[in-house]
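Chemist: Here's the letter readout for the chains.
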Amino acid sequence: MLPSYLTMAAILFCIGLYGALAKRNAIIVLLSLELMLNAVNLNLVAFSKYGVVPALTGQIFSIFTITVAAAEAAVAVAILIALFRSRGTVDVEAFDRMRR
Amino acid sequence: MDTYTNIAWVIPLLPLAGFLVITALGRGFRAASVWVGSALSLASFVLSLLVLIERLKPNAVDYNNGFDWIRIGDYTLTIGFEVTNLTALMLVVVTLVGFLVNVYSAGYMKDDERITVFYGYVSLFSFSMLGLVLSDNMLSFYLFWELVGVCSFLLVGFWYARPAARAAAKKAFIVTRIGDAGLFLAILLLFWYMPEHSLSFTMIESVFDHQGGTITAGITTLIALLIFLGAVGKSGQFPLHVWLPDAMEGPTPISALIHAATMVAAGVFLVARTFDIFQASEAAMTTVAYVGAFTAIFAATIALAQNDMKRILAYSTISQLGFMMLALGLGSWTAGIFHLFTHAFFKALLFLGAGSVIHAVHTQNIQEMGGLGKSMRVTAWTFAIGALALSGIPPLSGFWSKDAILTVALEQNPLLFVVGLAAAFCTALYMTRLFVLVFLGKPKAAKASIAGAKESPAVMTAPLIALAALAVIAGFVETPWNGWFASWLSDEAGASHGSALAIVLSIAAGMLGIVSGWLLFGKRRERSGAGFAERMPGLVKLAENKYYIDEGYEAVFVKGLRGLGTALAAFDKYVIGGAVKLAGVCANAAGKLALRLQNGQVQTYSLAAVLGIVVIVIAIIGRRMLS
Amino acid sequence: MSFLQDIPILSILLLVPLLGFIVILCLPKHRAGWLKTAAVITTLIPLALSLWLYADYDNKHGGEGYDESAAWLQIPINKETATNADTEMVFSFQYALGLDGLSLPLLLLTGIVTAMAALAAFHVKKRWKAFFSWFLLLEFGMLGVFLARDVFLFFIFFEITLVATYFLIGIWGYYNKEKAANRFLIYNGLGSAIMLIAFVMLVNTAGFRIEETAAGAYQYIYSGSYADIAANMADPNAFVNLPAEATGGVNPFQMSDGMMWTVFILLLVAFGIKLPIFPFHTWMLKVHQEAPPSVVMIHSGVLLKMGAYGLIRFGLFLFPEQAREWAGVLAVLGVVNLLYGAILAFRQNEFKLVLAYSSISHMGIVLIGLAAFNEIGLQGAIFQLVSHGLISALLFLIVGSLYERTGTTELTELGGLARSMPFMSGVLLAAGLASLGLPGLSGFVGEFLSLLGLFESMRWVTAVAVLGIILTAVYVLRSVLKMTFGPQKETFAALKDARFIEALPMIVLLAFIVLLGCYPSALTDTVDFSVDGFMKLLLATRSGG
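Residue numbers (full-length UniProt numbering), protein chains in the order written: chain A, 1 to 100; chain B, 1 to 627; chain C, 1 to 545.
Bound-form chain A, shown alone (with noise of 0.2 Å):
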């Protein structure tokens, strides 16, 4: 079962980096961002229960990842209406203050 499981995952790890790496709207970014974090958590999820030594701690920590991962998007989400607000565009591109 767990290949199954780890592929799944690593499919769904691949497009977030793909969406985090190539898509110019932020928001795109920020979901491709949490696509990532969840094809982590199904890794956790998946070896906790048929990893080597199976135990509970697997799911709960994905729980906290879960939390933590809502918390960075409400920050995230916030610092992207900040920067619309300021910017008037998402495109990231746009968003290169820190170079000059």
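Worth flagging that the hints you see were computed from the coordinates, not collected in a lab.
Every residue, glycine too, gets a C-beta built ideally from N, C-alpha and C.
One thing to keep in mind: the hints can contain errors.
[Unchecked claim] Heads up, simulated DSS-like pairs for lysine-lysine below, C-alpha to C-alpha not over 30 Å straight-line:
no., chain 1, residue 1, chain 2, residue 2
1, A, 23, B, 592
2, C, 36, C, 177
3, B, 541, B, 442
4, C, 36, B, 559
5, C, 489, C, 125
6, B, 581, C, 177
7, B, 454, B, 444
8, B, 444, B, 374
9, B, 581, C, 179
10, C, 29, C, 125
11, C, 177, C, 29
12, B, 546, B, 442
13, C, 179, B, 573
14, C, 536, C, 489
15, B, 444, B, 546
16, B, 592, C, 177
17, C, 36, C, 129
18, C, 179, C, 129
19, B, 444, B, 541
20, C, 129, C, 496
21, C, 489, B, 110
22, C, 496, B, 573
23, C, 36, C, 125
24, C, 179, B, 592
25, C, 125, C, 177
26, C, 536, C, 125
27, B, 110, C, 496
28, B, 573, B, 546
29, B, 110, B, 559
30, B, 444, B, 110
[What the hints assert, rightly or not] If you only want the chain A side, here are some residues facing chain B, beta carbon under 10 Å, derived:
no., residue
31, 17
32, 21
33, 22
34, 23
35, 92
36, 93
[As the list claims (entries may be wrong)] Residues of chain B clear of chain A, computed beta-carbon distances all greater than 10 Å:
no., residue
37, 276
38, 290
39, 473
40, 544
Given the coordinates of chain A, assemble chains B and C onto it according to the supplied hints.
Modeler: Below, chains B and C alone, put in the same frame as chain A:
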């Protein structure tokens, strides 16, 4: 027993104390500085005299003592003092002239605002010179040798506001330093070649006394020549003579003390002190003799054409020092020292007399002077005595010592004898010219200061009279019939050998010089020397311009060094600085290149990170699979 | 040693400036007077302590009994590389201080120059608090460099001086201060990086030590301790006699010839930059030109000496064989430094640049002394370090005071200063004479001993070097006389001579210069023991190899 000899080390310390006191008091205490300087120099003179009297006893034993200056492992460098007959004699000469100059300066420098500084420097000089005389080894000799050099430098540049004085001071220091570098190398050589790394004069004497010792002939010659280089620099021998005439920018009492009687004679003293090294090397002796003879005639001819009173005397000093070197090179160091001894008195006298004249008329150009004999009687008479002594007219002191040298020359090397005789003739000639133009006839320039010149105050004429007396009698310690001086000095039974031929020729040269001088310059007082100058304009011009030696040095060494400096400065700036800049530019370019990656896009950065992880993962997996 | 044996005197000496630094931080920033007083008092304490140490130092027994050490950092290492699985392996760095005849004079020099520089810091017109904080931190670093007996500790102190100097130049310097500070930091940072590489190599090879733990197991220690490194370098076979279970049957001290050479050359370059050795000297010119007077006093008086100190301590004492083989190279570099610096000093029209090139020239004499490889030369080199430290500090002190009055150090614009400022001109001339090696002043002794030492082995090189004493006279007199002698310039007629507070450090420095010149044994006797030890080491390696 030898009470005073044992405390001879006090002699230099007295003027040192004087220097410290005068410096500490500062500029307010003008009279005090004069008194302190003179009193302490008198005290050191008295002490030196007492030492000399002790040395006059038959078979007086040399005395030396010292302390460790630096101890490094097994090596020890010492500083010490030694009293021999030679040093005792030098002590008296230095302190006597020093004392008289101190007294004289009270009048000469009376109106100078920095008279305290002057007395401080003179005291410091006396300390250094006495230390030099008393030194028992090459190292402490060198220390004091440099110190007298720097005192000379300070005093030449005493009137520092004059650009000429500044240039002269610098030149004096640097040119003598060239000689010092030679002496420095000689000390290094001696240190590593001498047994037990000893530098003491006693040891040098015993090592080099018998030929074929531990030190090879080549090295001996090298050491001797390097020492001689030092002496050449200090004693103004050709080709390092150029600083001495310029040094006349200093106050005249200084010219008398440092640049006539004491410091410039230190070179002769050095050669005499290390004479055993020279005797061990034929080549070195020949070099010394020929350099001395050449300098004697060379400087004398320049003196013929100069118009500055002090410069004439300076060239005369160079010429006389050449005589001393000639004597040393011919193997008779006692004759050299004898001439040093008499020369100290009459040349100091001449300089102080010149100072007296300059003090009165405020010019140094003899073409402007004339007729001063009437208004300045004491100066004129004492100057005449000095001039006659210098010209070698019997029975004044200069005759005896010059005759001693010429006698040796006649025995050893007729060529050098002829050169010496010619130099003696020139000496008489230029002294006659000087005397005639300054003291006889009428003033040439319409200057109030010349016409209304007054005799100098007693504080200046008294030293003149004292020196004149010495210039008359000092020669009698050694005559062709009485070799007391030489035998006392060298501890060898004196074989006094007069040569009638030498005496006759020497007197003849002197007389001839005076007569022709009188004919050339005395008769045509209105247009002095013009007849000679018209007949041989080229020669006179050559001598007047000092054979263009200064210009040659300027062109070769000064310009050369400056050019080298410019070249190296360019090298430093463009090659080395350029290399550094290039490194900077390269780093900058690399940075610019890397900056391309830093486009401010988070996505680019994370892409790079991902690629990095992929590479690492592949590497790890690849390694696993390979192993 | 005296009754104070149990007191960690070196640590106190070292920490006083740090304490002063904290005190300064607590003072209000606008009270310039308080800040300055605090700084001066703080610098006087290390001076007094180092003077006392100097007087107390026993010339016959070297620095025994002064060592202070405490464990500082212990970093365990991955066992994979260990030959024996049971052994523990650690990197160990210690807080170790020590004293010997080489560092003591330099310690005293630091004390003197820093105290005098603090007294002379009246030129600081802004941000006093920051200035004196950095200043004391700099002193802390310098004292640490000379006291440290652990390469890591040494490196840290070395870096502290770098950072402190960077800010002191960059904030309080003259017009191009930022550029000068940057150049200083980058060039010296490069040197430090090279030094660090060399030190890492040393720790991983020569710093090796085996210790038996209480449990009977063996601990392999890679230590930064100078004592360990020096012991291993001196006797590479120390481990052969240990039991086989300790060493794993092989000699664990492995330092190939190539490794030795690499480390030696790295050290030579690293410290050569600091010294500076031709052609690494260009960074120094700007620093001398732009740094504020009291900082450049320290820079030229002490910081340059750290390069020579490091070269002697690590280059010569640890690698006597390699250094000896390169004696000719060192000698030639020394002569090049000496003559090159002198000729270029002759060409400059800016007095500070004259002094900068003169420093290069005088450091050449240090190299010449080192290259001699005998007691005399080494003594000469160390003497020259101390002497040049005093002389250049004095010269820059005067330059600072002159600049404050005249607003320029261009030789062509100055002249006749002796008239309005006789005292300062006199001191300047005295310092110049000391610099050109006048007997009776300290410069001569260092020069004489160095050349005397080198003459034993390299006649011709020495003969060329002697030209340097002529050239030195030429450029020193040229520049000094141009400033003080000659006709007075109108603009400078009304200038005042030195105030008492300015004159005091000048007199103190000059007094030390005269003292060393007249009585050099005061220094050479102290150094003698350490130099003697080195000579024995040298003989041992020569007979052993």
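Chemist: None of the hints should be skipped; say for each whether it holds.
Modeler: Status of the hints after comparison with the structure:
Distance restraint check for residue 23/A and residue 592/B: the Cα-Cα separation of roughly 28 Å lies within the 30 Å cut-off, and the hinted pair is therefore satisfied. Between the alpha carbons of residue 36/C and residue 177/C the distance comes to roughly 23 Å, so the proposed pair stays at or under 30 Å and holds. A threshold of 30 Å between alpha carbons decides the hint, and for residue 541/B with residue 442/B the separation of about 26 Å falls inside it, so the pair holds. For the hint linking residue 36/C to residue 559/B, the alpha-carbon distance of about 49 Å lies beyond 30 Å, and the restraint is violated.
For the hint linking residue 489/C to residue 125/C, the alpha-carbon distance of about 28 Å falls within 30 Å, and the restraint holds. For the proposed pair residue 581/B and residue 177/C, the alpha carbon gap of about 18 Å is at most 30 Å, so the pair holds. For the suggested pair residue 454/B and residue 444/B, the alpha carbons sit about 17 Å apart, so the restraint of at most 30 Å is met. Simply put, residue 444/B and residue 374/B have alpha-carbon atoms about 15 Å apart, close enough for the 30 Å limit, and the pair holds.
Distance hint between residue 581/B and residue 179/C is fulfilled; the C-alpha atoms sit about 13 Å from each other, no more than 30 Å. Annotation: proposed proximity of residue 29/C to residue 125/C holds, straight-line Cα distance about 13 Å (limit 30 Å). Annotation: proposed proximity of residue 177/C to residue 29/C holds, straight-line Cα distance about 23 Å (limit 30 Å). Taken as a hint, the residue 546/B and residue 442/B pair is honoured in the structure, with Cα atoms around 28 Å apart against an allowance of 30 Å.
Distance hint between residue 179/C and residue 573/B is fulfilled; the C-alpha atoms sit about 17 Å from each other, no more than 30 Å. Among the hinted pairs, residue 536/C with residue 489/C is inconsistent with the structure: their alpha-carbon atoms are about 59 Å apart, more than 30 Å. Annotation: proposed proximity of residue 444/B to residue 546/B holds, straight-line Cα distance about 25 Å (limit 30 Å). A C-alpha spacing of about 25 Å is found between residue 592/B and residue 177/C, which places the hinted pair at or below 30 Å, so the restraint holds.
Under the criterion of a C-alpha separation no larger than 30 Å, the hint pairing residue 36/C with residue 129/C is consistent with the structure, at around 9 Å. For the hint pairing residue 179/C with residue 129/C, the CA-to-CA distance comes to about 23 Å; that is within 30 Å, so the pair holds. Under the criterion of a C-alpha separation no larger than 30 Å, the hint pairing residue 444/B with residue 541/B is consistent with the structure, at around 22 Å. Restraint check for residue 129/C and residue 496/C: the C-alpha separation of about 29 Å stays at or below 30 Å, so the hint holds.
Restraint check for residue 489/C and residue 110/B: the C-alpha separation of about 27 Å stays at or below 30 Å, so the hint holds. Of the supplied pair hints, the one linking residue 496/C and residue 573/B is violated, its CA atoms being roughly 37 Å apart against a limit of 30 Å. Between residue 36/C and residue 125/C the CA atoms are separated by roughly 12 Å; this keeps the pair inside 30 Å, and the hint holds. For the suggested pair residue 179/C and residue 592/B, the alpha carbons sit about 20 Å apart, so the restraint of at most 30 Å is met.
Between the alpha carbons of residue 125/C and residue 177/C the distance comes to roughly 15 Å, so the proposed pair stays at or under 30 Å and holds. Among the hinted pairs, residue 536/C with residue 125/C is inconsistent with the structure: their alpha-carbon atoms are about 52 Å apart, more than 30 Å. For the hint linking residue 110/B to residue 496/C, the alpha-carbon distance of about 27 Å falls within 30 Å, and the restraint holds. A C-alpha spacing of about 40 Å is found between residue 573/B and residue 546/B, which places the hinted pair above 30 Å, so the restraint is violated.
Between the alpha carbons of residue 110/B and residue 559/B the distance comes to roughly 41 Å, so the proposed pair goes past 30 Å and is violated. A threshold of 30 Å between alpha carbons decides the hint, and for residue 444/B with residue 110/B the separation of about 28 Å falls inside it, so the pair holds. Checking residue 17/A against chain B: minimum C-beta separation of about 7 Å stays under 10 Å; hint holds. A cut of 10 Å between beta carbons decides the hint on residue 21/A: the least distance to chain B is about 5 Å, and the hint holds.
Hint status for residue 22/A relative to chain B: holds, with the closest Cβ pair at about 7 Å, below 10 Å. Nearest Cβ of chain B to the Cβ of residue 23/A: about 8 Å, under the 10 Å cut. The hint holds. A distance limit of 10 Å between C-beta atoms decides the matter here; for residue 92/A the minimum to chain B is near 6 Å, and the interface restraint holds. Given the 10 Å rule on beta carbons, the hint for residue 93/A holds: about 6 Å separates it from the nearest Cβ of chain B.
Listed as a non-interface residue, residue 276/B keeps its Cβ farther than 10 Å from every Cβ of chain A; the least gap is roughly 84 Å. Every beta carbon of chain A lies more than 10 Å from that of residue 290/B, the smallest distance being close to 82 Å; the non-interface claim holds. Look at residue 473/B: its CB is around 98 Å from the nearest CB on chain A, clear of 10 Å, so calling it non-interface holds up. With a least CB separation of 78 Å from chain A, residue 544/B remains clear of the 10 Å interface cut-off, as annotated.
In summary, the numbered hints that this structure violates are 4, 14, 22, 26, 28 and 29.
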